[in-house]
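**Q** Here is how the chains run, residue by residue.
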Amino acid sequence: MRALSAVSRWHRWIAARLWTTLAVAALVLAAGASLYWRGATEQDVGALLPGGPGSPREAVRLLGEFGVLNTLLLDLEVPGATPDQLVATGARLAEQLRGSGDFAAVQAGPSTHDFLVLGEVILPRRLYLFADPAVEIRRRLEPARLTASFAELKKSMASPQAFAMKREMLRDPLNLNPDLFARFAAMAGEIRPYRGQLLSKDGRHLLLIATTVRPALDTQFSAAMLERIRRRGAEIAPGPEGAAVLRAVGGPRFATESAGGIRKDVVITLFTSAVALLALFYARFRSLRLLVLASVPLGFGLVGGLVAVVLIQGHIHALSFAFGAVLIGVGIDYPIYLLNSASMQGGDGLDRMGRGLNHTWRSLWLGFTTTALGFCVLLLSQFPGLRELGLFAAAGIATSFATTLILLVPLSARWGRRRWRQIPSWIPRLKSRMLSPGVAWGIALAVLFGAAALIPSLRFDGDLRNLDANRPDVMAEYQGVMDRFGLSTSDSLVVARAHSQEEALAINDQVSEVLTTMQDRGLASGIRSIATFLPAIGTQQRRAQCLKALDLAQARAELFGPIAAQVGFSAGAFAELWDEVESARDGKIEPLKAVDFEKTSLQPLLNKLLRCSADGCIAVTSFVSQGGQAAQQISSLLPAGASLLDAGAMAAQTVAQLPRQIAILSGVGLLVNIVILAAAYRSLRLAIVACLPCCLGLLGTLGTLAAARVPLNLVSASALVLILGCGVDYGIFVLQEVDGPSPSSAVGSTGVLLAAFSTLAGFGTLVLASHRALQSLGLAVGIGVAASAAAAVFLLPGLYQGLRSRKGSANAGVEP
Amino acid sequence: MIVIVPSHSRLCALIVLCSLPASAAEALPRELNPLRESLQKTRRMSARFKQTRHWAVLRDSLVTQGTIRYEKRGQLVWRMDPPAESELIVDDQRATIHYPALGTTQTLDFSAEPGLGKVFQTIRAVMEADLDSLQPLFALRVDRKAPLSLTLTPRSPEVSRTVKRIHMEFDKSLHLASVRLDEPSGDWTEIAFHDHVIETATR
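These protein sequence lines map, in sequence, to chains F and R.
Number 419 in this note's numbering belongs to position 419 of the first sequence; there are no gaps in the numbering.
Converting from the second sequence to this note's numbering requires adding 816 to each position, the first position being numbered 1.
Some hints could be false.
Here are the simulated distance ranges between beta carbons [what the hints assert, rightly or not]:
#	chain 1	residue 1	chain 2	residue 2	range
1	R	914	F	139	58 to 64 Å
2	R	876	F	107	22 to 28 Å
3	F	139	R	881	41 to 47 Å
4	R	914	F	151	29 to 35 Å
5	R	897	F	582	38 to 44 Å
6	R	876	F	636	57 to 63 Å
7	R	961	F	576	56 to 62 Å
Here are the computed lysine-lysine pairs in the DSS-like style, where the Cα-Cα straight-line distance is at most 27 Å [said to hold, decoys possible]:
#	chain 1	residue 1	chain 2	residue 2
8	R	961	F	154
9	F	154	R	980
10	R	980	R	857
11	R	961	R	857
12	F	599	R	934
13	R	888	R	961
14	F	154	R	857
15	R	866	F	166
16	F	166	R	988
17	R	980	F	166
Just so you know, the hints here were simulated from the structure itself, not pulled from any lab data.
Nothing here was measured: the structure is a model prediction, and the numbers come from that model.
Ideal Cβ positions, reconstructed from N, Cα and C, are used throughout, including at glycine.
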């Protein structure tokens, strides 16, 4: 007890210099909290996942970039306007948006000039863009098709502009160019490029694709930017048939709606939990000042966790901070146990508080050690997110506990009540109706077997989108815009990875072949691949070699020439085409390279789909997979070096690892707790008894969720650690009471009930939230804490008596 | 459908040739004053045409018929009859080519592609016999006063790489009767106009 004596000396020292201590404490708090505002917060969800090449982190980042996270789709409708009027309005709007400073890029359609520049790059090497140019030419030399092509050509040659375009027309009697451009156009969905803008098929809607300068998750920016867009939309002149409509959908809109919902939830839950905590402290202590004092360790815990993470990692993820803050909310339990115990002691000021601390000293330490170790076990996770959470929560709970031991006693001695309210009489009366050991064990076994029967049917919902707060009407508006322009969200990516760009492109070419085959079978759609316009140099050379299989002289003389002559073309009309084929076959035409696209409209797409870093190069192909089975089939056919990243599969494979990890870590945490308690109590049985409430709480939660057919999700699964931490504490304090000199004092039980109610006030009220993540957290923690507390207060005495009667009196080592 | 992607070198030549300064032009010959006055009075014009292309790549001449319609300071609409059905609409900003059989439309924005814009504006000026627009680019020679016959010769070597000569014939009423475009390769196109419908401005 030397430590307790030392702490008592500190209390006297602090009590003598209370204002100085408070000033120093305030400075420490402010300095720690300033770390949060110094921009050390991370918002990338991918940062919470394991990193490295081919890792879930890279997958989340790539999927995010190909999705709509930071992209705003603007759908402009001017009722009754002609396409030209719509284009003029759209062009003005695009200019205004570009000048607004809100967007890094505002993309409209390709202009005629863009097409011309692209044509200059691609058309001289167009034969390299067909999988087998010889087969392609032979197919087009089929008499009926060739005759039709010539007929089309003659029509074009009759046009007034033909005298300026004659040479280009005669270079393409096989209609290769339109097919190539159609392939490029197919990558953009059903959008119709018109005068440098993108129109819907019916020509009544115009699409602008804007990338915001700030992340969509910067909801303050997103909300302000959306408001500015709304005002711009209102200023657009109406069309002949009604007012112009400007719809803005995509990541920033989702993020803003989501944040708005969360803000509303936070206000509601903060208000209800504050009212509940006020009511709790008033009912028990008749003092609201004690609530303020009990909150001091909580504030220190929050700052302590933040400082620890930022000092070790250099940054903290916003989600870790938010969820960690929720976790260390249990830090208020230690002040509650201490204040509750102090209320039953004699003396005044420091004397009373000192006795209270003395009474709870060992249990506080055991409770803290087991909880902190439970959080520390998270440090063993392979998920950086869980490790960060563990570090934050462990450091936070340690700081909170230290503040309880060091500061709360002198503070409560100075500003606590003069007359403390005793434990209400109904609690000891409640305890006197303790369940008999047989009934207690029966209930415990019933919970165990019931949970064992129910848990197998518990479903895990790994879809992160189901945790969001998207409103159905916003989702419907988004889907409407996507359908109108024939756009598809790229939920699936294939990443071709290699040491060099050329190798990555070669793998990507094979990927493209697989996906094209799958598309023909109806298993994939919306393929966007650079293989369409930039195959690997090796692939292009191989395709050129394919032309050797074509007897050019024979094809020209026997297949092409007669039909050309039949429809009225002279013998040398298409000499340039055959010269081009011959040059390509003989390797005299330079293959396409990435650098050739530098000034073309395809460069942004190329930058997105082909990247090189110190780790190597990746070529990415996006597509829409038609179901999970299709994704599996595609994955099995991919060449070495290529991997499929499917959003659905990601949820199933990566996110689904989290609950498994949490279950394993919870098990390890429980085991560590048992070992520590067994060493402290010098009894394995007592250690198990102390841990029974948390086990029953966990099993009860999982069983209840399974019976109610409520799936477990990422958030509610993570909350199981909290139930474990709280439940062990409840067991320790009730065990101290029932194994102590005055088992009917009800000090421990009252402390447990107060702690449980305070946790329910903080977490249980989250069940009122509209945000599904918060709701599920509130539900899981609510059930778990209520079940653990009930098990500790009502079952544990019976369970303990049952053990004693079988084993005789065991020296638990629990000090009074 | 043919995707029109001319070579850049050719376009550059067109840009250069079409942006020659107006000072290179001379005053219109006095013989052309009646034509100019007639054109100034014309508010709308439409006519049937028969186009005959004599190109070396074609064994026979390529004959198409259709309708031309234009409005002063408005659109020129060049519509070809089936089977080679198409419609070309040229205004100050763009050319729109519509292929009804294919249901497709191509639009060329002159602001984005000034070289192509100049090509289409020249075609428009020839069809409208807009000598004021053509004179900076071509030297005008009156071959015959009545009925009026003109020959336009490119002023610069760049232009002459695309067009060697343009010959325009007018009827007694100073309506454009035929245009012949000669190319340096020896290819030539003749367009004969008939059934003119002229709407003149009332003063």
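**Q** If a hint holds in the structure, say so; if it does not, say that too.
**A** Against the structure, the hints come out as follows:
1. R/914 <-> F/139: 58 to 64 Å: 29 Å, violated
2. R/876 <-> F/107: 22 to 28 Å: At 48 Å between Cβs, range violated.
3. F/139 <-> R/881: 41 to 47 Å: 34 Å, violated
4. R/914 <-> F/151: 29 to 35 Å: 18 Å, violated
5. R/897 <-> F/582: 38 to 44 Å: 39 Å, holds
6. R/876 <-> F/636: 57 to 63 Å: 58 Å, holds
7. R/961 <-> F/576: 56 to 62 Å: Because 44 Å falls outside the window, the suggested range is violated.
8. R/961 <-> F/154: Answer violated: residue 961 of chain R to residue 154 of chain F is near 37 Å, above 27 Å.
9. F/154 <-> R/980: OK: residue 154 of chain F and residue 980 of chain R at ~23 Å, within 27 Å.
10. R/980 <-> R/857: 31 Å, violated
11. R/961 <-> R/857: At roughly 20 Å apart (the allowed maximum being 27 Å), residue 857 of chain R and residue 961 of chain R satisfy the hint.
12. F/599 <-> R/934: Answer holds: residue 599 of chain F to residue 934 of chain R is near 24 Å, not above 27 Å.
13. R/888 <-> R/961: With Cα atoms ~25 Å apart, residue 888 of chain R and residue 961 of chain R stay inside 27 Å; holds.
14. F/154 <-> R/857: Given pair residue 154 of chain F, residue 857 of chain R is violated - Cα atoms ~37 Å apart, limit 27 Å.
15. R/866 <-> F/166: Holds, at about 20 Å.
16. F/166 <-> R/988: 34 Å, violated
17. R/980 <-> F/166: Distance of about 15 Å is within 27 Å: holds.
Checked against the numbered hints given earlier, the structure breaks hints 1, 2, 3, 4, 7, 8, 10, 14, 16 and satisfies all the rest.
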